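Chemist: Please arrange chain H on chain S, whose structure you already have, making use of the hints.
There are 2 protein chains.
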Amino acid sequence: MARRLVHFFGNGTAEGHGGMKEILGGKGAGLHEMTRIGLPVPAGFVISTEACEIYLTRGGEALRRAIGGELARNLARLERATGRRFGDGRDPLLVSVRSGAARSMPGMMETILDLGLNEKTVLALAERTGNGRFAFDAFRRFLGAYGSVVFGLPRDSIERFLQEARLRSGVRFDTELPAPALQEVCRRIETHISESTGRPFPQDVEEQLWGAIEAVFKSWMAEKAVTYRRVERITGLPGTAASVVQMVFGNLGETSGTGVCFTRDPNTGHKKLYGDFLMNAQGEDVVAGIRTPMTIQKMRKRLPRAYRELERVRSILERHYRDMQDLEFTIEEGRLYMLQCRTGKRSPRAAFRIARDMAKEGLIGRPEAVSRVTPRDIERLFYPVLDPKVPRRELQGRLLATGIGAVPGAASGEVALTARAAEEAARAGRAVILVRRETSPEDVAGMHAAQGVLTATGGKTSHAAVVARGWGKTCVVGCDRLSIDEERDRLRIGERNLRSGDQVTLDGTEGVVYEGTFPLVRPELPEAYREVMSWADSLRRLGVRANVDTPYDARKAVEMGAEGIGLCRTEHMFFDSEERRLAIREMILAQGAEARERALARLLPFQRQDFEGIFEAMDGRPVTIRLIDPPLHEFLPHGEEEQRKLAERVQLPIETVAQRVEQLRESNPMLGHRGCRLCLTHPEILDMQVRAIMEAAVAVRRRGVKVLPEIMHPLIMDPKEFEILARRTRQAADRVLKDERRKIPYLVGTMIEVPRAALLADAIGALADFFSFGTNDLTQMTMALSRDDSGRFLPDYVDEQRIGVLPDDPFQTLDQAGVGQLVLWAIERGRRGHPGLKIGICGEHGGEAESVRFCHRAGMDYVSCSPYRIPIARLAAAQAAIESRRRENPRKAGAARRTRRGPGDGRSGPIHGGRQRGRRHPVAQA
Amino acid sequence: MARRLVHFFGNGTAEGHGGMKEILGGKGAGLHEMTRIGLPVPAGFVISTEACEIYLTRGGEALRRAIGGELARNLARLERATGRRFGDGRDPLLVSVRSGAARSMPGMMETILDLGLNEKTVLALAERTGNGRFAFDAFRRFLGAYGSVVFGLPRDSIERFLQEARLRSGVRFDTELPAPALQEVCRRIETHISESTGRPFPQDVEEQLWGAIEAVFKSWMAEKAVTYRRVERITGLPGTAASVVQMVFGNLGETSGTGVCFTRDPNTGHKKLYGDFLMNAQGEDVVAGIRTPMTIQKMRKRLPRAYRELERVRSILERHYRDMQDLEFTIEEGRLYMLQCRTGKRSPRAAFRIARDMAKEGLIGRPEAVSRVTPRDIERLFYPVLDPKVPRRELQGRLLATGIGAVPGAASGEVALTARAAEEAARAGRAVILVRRETSPEDVAGMHAAQGVLTATGGKTSHAAVVARGWGKTCVVGCDRLSIDEERDRLRIGERNLRSGDQVTLDGTEGVVYEGTFPLVRPELPEAYREVMSWADSLRRLGVRANVDTPYDARKAVEMGAEGIGLCRTEHMFFDSEERRLAIREMILAQGAEARERALARLLPFQRQDFEGIFEAMDGRPVTIRLIDPPLHEFLPHGEEEQRKLAERVQLPIETVAQRVEQLRESNPMLGHRGCRLCLTHPEILDMQVRAIMEAAVAVRRRGVKVLPEIMHPLIMDPKEFEILARRTRQAADRVLKDERRKIPYLVGTMIEVPRAALLADAIGALADFFSFGTNDLTQMTMALSRDDSGRFLPDYVDEQRIGVLPDDPFQTLDQAGVGQLVLWAIERGRRGHPGLKIGICGEHGGEAESVRFCHRAGMDYVSCSPYRIPIARLAAAQAAIESRRRENPRKAGAARRTRRGPGDGRSGPIHGGRQRGRRHPVAQA
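Sequences listed follow chains S and H, in order. Heads up: the first sequence begins at 1 in the numbering used here, then just goes up one per residue. Heads up: the second sequence begins at 927 in the numbering used here, then just goes up one per residue.
Looking at chain S on its own, in the form it has when it is part of the complex:
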């Protein structure tokens, strides 16, 4: 027997169920499921998405051959179930025909109500209901929908007959039009259809039905629907289903009505019905907004019986689906009919509350509660945003340009074009936005002083983005309509010329720059957040650490839930003050090891002090400190003026300084003299840094605080490099401990950020106490992508409509297909060379949910990310652990599985928002 293409439901039984979304669409599956569990649902049937695929690939004739018999049989069943006949001259069956795909695409596809009306049946309907006005109103609605949806006439060309009728009758609302006027409207629309299309409006109801089914199927390929799917990245679906359902009428008078509601408040998560109700109206009237609906609470007073019935339904549905539902219903002469039910969209705040409450109510387990919130929910909880009360029009009027939103949130302040200017303005207590072509470590102090950062170049993981994200500072990058004239202290953004000091506002969520300032609001963390996150913490296996460089940030990180520091970059410390900058510059300009050591000796107390602060802030948690990493030229000033000043301070000719800067210039600094190469060629830097770390550890330990320093070497690509550096590191550390007569355990480990280090991980692992994957650089080298430059083509690479080579920005989401292979290889090899080797990640990916899941599967011990991403990492780590357990023990996860059968909008999977496009390494999938 051929596969069933039409699925009936009605009178308490259904051929399908809620798990058949792929075949019945979300709406269709919901109707079947609701029927199955005994809820009041009008009878009907669903023509499957497979039938749609037949129509789209092989045409209308093929569709009729494929489903003709089934359609006829199901129409007959529907007639039996309702006791009415389709096209009957006395008591006609009317139906709605609606689209509905497996993923919700609100408003994208077509709906036709009141199908089955014609010149004959409309009179029968008028007679049966004793309401001519109602019958002709239904007919004109049907004619209008059919004319536009099936015949493709412009809506306006049909609407105008109603307008004319209102004018003629001198009334304001359609509801005031008398039956004859509506009948006249119907006649005119019919004439308009046949004149415009050369085909008469079909009086044959079966022809009407075929026309509507084809139109619904065709709407799957309508431009707006295709665009929507592209934007929402909906792929792999065969088409839409079409549901044909007995019409029920909410517009049969004052005991009828129609409504849309949520089973809990989608803004706050509060457990009460939340929605709108319109008396004496059909569904579309609620949405159309012509009449103002009442709240669902008011309906309680107006139709108390129906309301109690709705409460009962809501309770059944929540127990059944174990999630908050978004419902559509109609009340026909006091009787409730459920027309739709799907998992409801909700605010981040509500997501936490609903998850927490449902777990407490016993509807779901804690793992499921943790799975119900998304990383995006967390993100949106934290960032200050433009006050939503600001009118859209005002925003539009002050828009200067758009760029890439690198760090969400919003910030206002005066423009500063140099780091120094930003620092000065901040010192004077003024809010400031640092605006640069691109940022470099020289700008770090200025960035720190600023409220937000705007750059002309770079992508979401450019220097500006990474640093700003670390501080949770709003940042817009890649604003290519920005050009800066630093000398004249001017800039141009879009069409406007500004000067430094002018006020601008950044919206880092949207990636927009506005002129002037706007009010901002900072959301408060909901109660439920802490509770759900504590459950997440108890469920995850992965540790979560922070990437921070200062005591202040370290404290912030602990507040956000960090269990240690995975990456403390020591170079930012060199920019923290004029004095430090001078010392590091003197070190670089020093001729010979002795002069270099003198300059380093001046840096030592600064570094020691920083480390002491960080150790104290972390209070016994492990702290991974990376030794100096960037190429030395990044520490030197590049402008002539700055160079002159430096030359004076260090008493060298300006030419010497300029020459040294020039000498240090590199064609590809990313692959240049940096990372551990610096300590190999200048071991005295290593000595100073290790000494500062261990002296700080001793000092803090003396004050009774536990310390766990982990010293990390960057850019290792060969076991020999690590061997040399680890030996020297241990010598320098042990010297301090011996001098101070203290025993403090410490580790010496390495970044794995060069492909060759991953390839030789067995030999390196045998020597190292730990690995930390630097997936930013590993991605750059493995993919030959410069983070700072790739903005020119990477957006097109990720956009399927342009070049579409990559599923995601690999600097956002770890490239599992390529870079992931190296990571897995290195973990396997590293642990082969050193069983139990401690392994973590400290690239930006450590705070991105999909990548954290990969880290869990890959068997890492921890992830590390900027403080503001720590909650995301904690959640993602917990969700990954829950997933793993479900995979390992599917029976136990059965209950959770069943909830996934629920109707949905993409929220129903245990982990939301995780796109599954692109290749995955088999090990990573296992």
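What the hints contain is simulated information worked out from the structure, not anything from laboratory work. Note that the coordinates shown come from a computational prediction; the quantities given were computed from them, not determined experimentally. Cβ atoms here follow ideal geometry from the backbone N, Cα and C, with glycine treated the same way. One thing to keep in mind: the hints can contain errors.
Label-pair ranges, simulated between beta-carbon atoms [as the list claims (entries may be wrong)]:
hint, chain 1, residue 1, chain 2, residue 2, range
1, H, 1518, S, 592, 19 to 25 Å
2, H, 1656, S, 501, 53 to 59 Å
3, S, 376, H, 1413, 55 to 61 Å
4, H, 937, S, 766, 35 to 41 Å
5, S, 766, H, 1738, 27 to 33 Å
6, S, 592, H, 1725, 18 to 24 Å
7, H, 1518, S, 397, 28 to 34 Å
8, S, 431, H, 1422, 56 to 62 Å
Modeler: Then chain H, alone, in the frame of chain S:
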């Protein structure tokens, strides 16, 4: 029983043999082997290198305990064999004590002759020989050697007694001193020794022997020896052996003498004895150069019997060792004694002739003949060099500075500071040396016009080096004492100020810059070269192709033996003339696809014409053409003047041009918008290039020439990229073939030069017709090493005495440990996805012997390199194939193996010069 540490030889038997170089040293093993095969060798014994290790690690007492018994037993055997007794008052046994390690270290370690003389035995010797002069001369030599070697006195402090004696006696030569004068010299030296050291000269001969043995062993660690081993990269040896051999005397009168000779002429390879002979002299006199020796041919007349004996020995040795030998011998009263025999060093020319001749003589097989020449031999055959007749002193006087010798050979010419100036000078017929800070593709025309290239920065694989090597043009890079003031048309090299137009000479072999011009000589290819190379061609499995960009170079490549083009870079073509430069620049500056296409249309005929020329030159051989690769900014002028000119030509404001250049600037261009990314964002470039290729193919085919175009996409990192580009390539190619109604087979393949491409080689391989490894970029990315910048630390990385992380410069010799893993992985995966996939290499490594061997083992189909490296690749490919066959069939290779037992200087392995340091991937070794 403990391991034997002293090995006896004498009277036709020997405890050791020629294969025991590691234990007996080269010299010791040679003495044993010569004794074994019945040659006249004085008796003696060798104290093994293991004994040396005991001495060096545990000291003299331990040495005496370890070998004391063995030494006594062997001394006794030596006394029995010679019929004389050590220290005997009537007929004393005298011995020489010499050092000798497994690898020859000429002049680096110590030798003591005539040991066993003391105040008593010298008189006995005088009496026995009836020659007091001889006896005291021997004694004073021994005293001198002992005083300096064992007691560490300065040679001068001893030599002066001889001078004083000559002055006192009023004679010119030592040989004229009478016996009493010499006796007096001996007394004075003895007194000097005891006064200077506080210890008397030992009269006890066994004490003498111990002292000498320890001194020889100690000399292994002498500073000059350590330095020598570092420079020559000799590692892994435990120490030197010490041979103790009965003295024979070449200074017993006119039937005695001593000589050094080669069994064939080491300069020409001619089959005749070649060397020097000194009548009535001891070995050291030949080397000391105080008396002028006669040629070995003259000895024939003077000592015909001894000469015939020598001829007999030579013939036995060549048949035995099957290689040319370097001999030392002494004739004592008409009787020939062989003192040393080792494989002889030879000129490149002689290497070819000897290999060819020996194969023809049946001494060795052709595979062995091919194994006997080295890549360095070939290199040195080809390059023009400074006329060796120029006196060293003159060179020294005109030396300006040293840098890195990137391309061997030599060139003279006037300094040009810009590519344009170089072109102009060349057009005017003047020889020119292009001197730049560093070169870029903009300079290519100027480099082509120049005789040689000198840069201030960069290493052996910088842009300058790679391009110059491709043309076989002498090139010195990384000359850090060079600074250029382009504006004032001046430069400073070392201490001298020059201006453009001044003459300089580059020695690319040594990496030196001289002022003025020098005569150069270009060596002629020896006859034997072609013969040996044709044998190599018939033995190799790997194909050898060329990296060339012009018809001229293509012809050159065919001449050098290329079987196709493995890499034709299309971008150099864009710099070939002012017109082309303008067209490509217009293309880049074009606003919108249409304007871009117009500019491209102007480039089309140029490209087509280039391809036609190349196809014709290659005459049916496959030609791999790489589509545009470098970032676009490399095509634009960076100087303001040039930009202004361009702006005028393209009728754009200078600001627009400058802005575009600025926009295209990248922080890490290596990882930027280049390679296939250009054709993905600007597919019209691909269309133009493919059209030009196929139209050229059609045109050439019409003229009856076969063509095999292979179109190659660079920088692929994802199968999707290749899929998109391959589809478009095939569309564009097929369009031309359809329009022209021709069928021409062509291939579409990809570079594998990004680590990710290697990781995803299965998916990419399934789509591609061929892979070509771009190991230059693959090395850069896998190791995080920028070719252009790494000069700052890479030399230290390779220098074991500095940082010593890497065994070789990975841009010279493929990094098998790391990059090699990716290569092997990609080959295995690629062929898994596409059985029989054609695979080659087109990085610089394709012309480096060790890397070519790796390519053979890895199963590649061909290597490709610059024309001047093709003979090296052919040879290395043959040697790799021979090695494989030997490994697979060791019995058949037995004969060849045995020759490796020969004495040697590092030339004796089947493949010379291939250092085996560093890790190797197991597969690569198998």
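Chemist: So, for every hint listed, does it hold in this structure?
Modeler: Hint check:
{"no.": "1", "hint": "H:1518 <-> S:592: 19 to 25 Å", "verdict": "violated, 57 Å"}
{"no.": "2", "hint": "H:1656 <-> S:501: 53 to 59 Å", "verdict": "holds, 58 Å"}
{"no.": "3", "hint": "S:376 <-> H:1413: 55 to 61 Å", "verdict": "holds, 57 Å"}
{"no.": "4", "hint": "H:937 <-> S:766: 35 to 41 Å", "verdict": "violated, 54 Å"}
{"no.": "5", "hint": "S:766 <-> H:1738: 27 to 33 Å", "verdict": "holds, 28 Å"}
{"no.": "6", "hint": "S:592 <-> H:1725: 18 to 24 Å", "verdict": "holds, 20 Å"}
{"no.": "7", "hint": "H:1518 <-> S:397: 28 to 34 Å", "verdict": "holds, 31 Å"}
{"no.": "8", "hint": "S:431 <-> H:1422: 56 to 62 Å", "verdict": "holds, 59 Å"}
In the structure shown, a violation is registered for the earlier hints numbered 1, 4, in ascending order.
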